[in-house]
Amino acid sequence: MIKLDPSQIGQETLLATVTVTAEEIRRFAEAVGDLNPLYLDAEAARTAGYSDVIAPPLFCMKMRGGRMRPDVPLEPGYASLHAGQDLEFVDEIYAGQTYTITAKVAEAYEKTGRSGPMGFIVREVAIKNASGRVVVTLKERQIVRSAEKRI
Amino acid sequence: MNMQTERTFSEIEIGDELGPVTRTPTTEMVQRYAAAVDLKELRFFFDPEEARKNGLQHPIVPGPMTAGFMTQLLKDSFPGWRLQSMSTTFRTPALHGEPLNIWGNITEMDEQNGLYTVHCDVVVENPRGDRVAVGTARLSRKKTV
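Residue numbers (this note's numbering), protein chains in the order written: chain A, 3 to 153; chain B, 2 to 146.
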């Protein structure tokens, strides 16, 4: 079901180096309806002690890209869903700052549960600031199952 | 959602409730979210035929968008506090246009190394009473003298 070369497990991949803009933060905040002034108004952010507007916590999902990466191919007839995520926020994401995003497949395994065979892919993503300090870590779990089973 | 006024550590108690708030992710909101996070290539989030091919009865709301509603509840409940971590399990897909009820409660508090910390459970439930997502979170704030 999961077509992954075992040598790819643990191999860190550079996903992107991005400079976050206040406009991207605004677009994200408006898309999720989270209109906290800290995300939209530089003056409000400075009053609260930040150097510029900060991003909502889940903005890190935009930074890692829309879909889970590195890509792991599945055999035909299987589909997958996001099963969960663990996020650690060491620091805020600031407008105007540059960040490097890396990711790796930490684990991939298959098992048979009550609803039949399933696969699990666990990825770890790290977002580092320009000094190389990790500011956000994301561990996310993808569940793979037969596309025949409708949910 | 309205932000609450700042609360001091002494005003918080284990068992205090967060929310509830209701968020209804419409198809338009899902499309805006997908555009904002570069998710448009995953068409099963909008296209009913693609959803069926992926084993879904209907297009669904991206899990991280639902998680965003959870972090919003936390940040709005604790202005001035930092969200340090959040773990989320997506239990069943949320459907477009369905109101989601989001609430939480404080499960643990501590005060050490110059920091106040609160731990919370957060739940997202659909109108049928199914838990769409459950999570735990930790927020902190520097102690003031």
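Worth double-checking, as some hints may not be accurate.
To be verified - When the alpha-carbon atoms are kept at most 30 Å apart in a straight line, the in silico DSS-like pairs for lysine-lysine are as follows:
id : chain 1 : residue 1 : chain 2 : residue 2
1  : B       : LYS41     : A       : LYS151
2  : B       : LYS54     : A       : LYS130
3  : A       : LYS113    : A       : LYS5
Claimed, not checked - Pulled a few chain B residues facing chain A out of the computed Cβ check, cut under 7 Å:
id : residue
4  : LEU40
5  : GLY98
6  : HIS120
7  : VAL124
Unchecked claim - If we take Cβ atoms under 10 Å as the criterion, some of the chain B residues that face chain A in the derived model are:
id : residue
8  : SER11
9  : GLY20
10 : PRO21
11 : THR28
12 : ALA36
13 : LYS41
14 : ARG83
15 : SER88
What the hints contain is simulated information worked out from the structure, not anything from laboratory work.
Quick reminder that beta carbons are idealized off the backbone N, C-alpha and C, glycines included.
Given SER11/B as an interface hint, is its Cβ closer than 10 Å to any Cβ of chain A? Because about 22 Å separates SER11/B from the closest Cβ in chain A, which is outside the 10 Å limit, the hint is violated.
Taking the least C-beta to C-beta distance, is ALA36/B closer than 10 Å to chain A? Holds. Min distance 7 Å.
Taking 10 Å as the limit, does the beta-carbon of ARG83/B come near enough to a beta-carbon in chain A? holds, 7 Å
Status of the hint placing THR28/B at chain A (closest C-beta pair under 10 Å): Given a least distance of 13 Å, the restraint on THR28/B is violated.
Quickly compare the C-alpha distance for LYS54/B and LYS130/A to 30 Å and report which way the hint goes. violated, 37 Å
Checking one constraint from the list: CA of LYS41/B to CA of LYS151/A, max 30 Å. Satisfied? Cα-Cα ~24 Å, so holds.
Does HIS120/B hold up as a contact with chain A if the rule is Cβ-Cβ below 7 Å? violated, 14 Å
Any CB of chain A closer than 10 Å to the CB of LYS41/B? holds, 7 Å
Against chain A, run the beta carbon of VAL124/B and see if the smallest gap drops under 7 Å. violated, 14 Å
Given pair status - LYS5/A, LYS113/A, alpha carbons within 30 Å: holds, 15 Å
Double-check LEU40/B for me: the hint is only fine if its C-beta lies closer than 7 Å to a C-beta in chain A. holds, 3 Å
Just to be careful: measuring from the Cβ of GLY98/B to every Cβ in chain A, is the smallest value less than 7 Å? violated, 15 Å
In terms of the numbered hints stated before, the structure departs from hints 2, 5, 6, 7, 8, 9, 10, 11, listed from lowest to highest.
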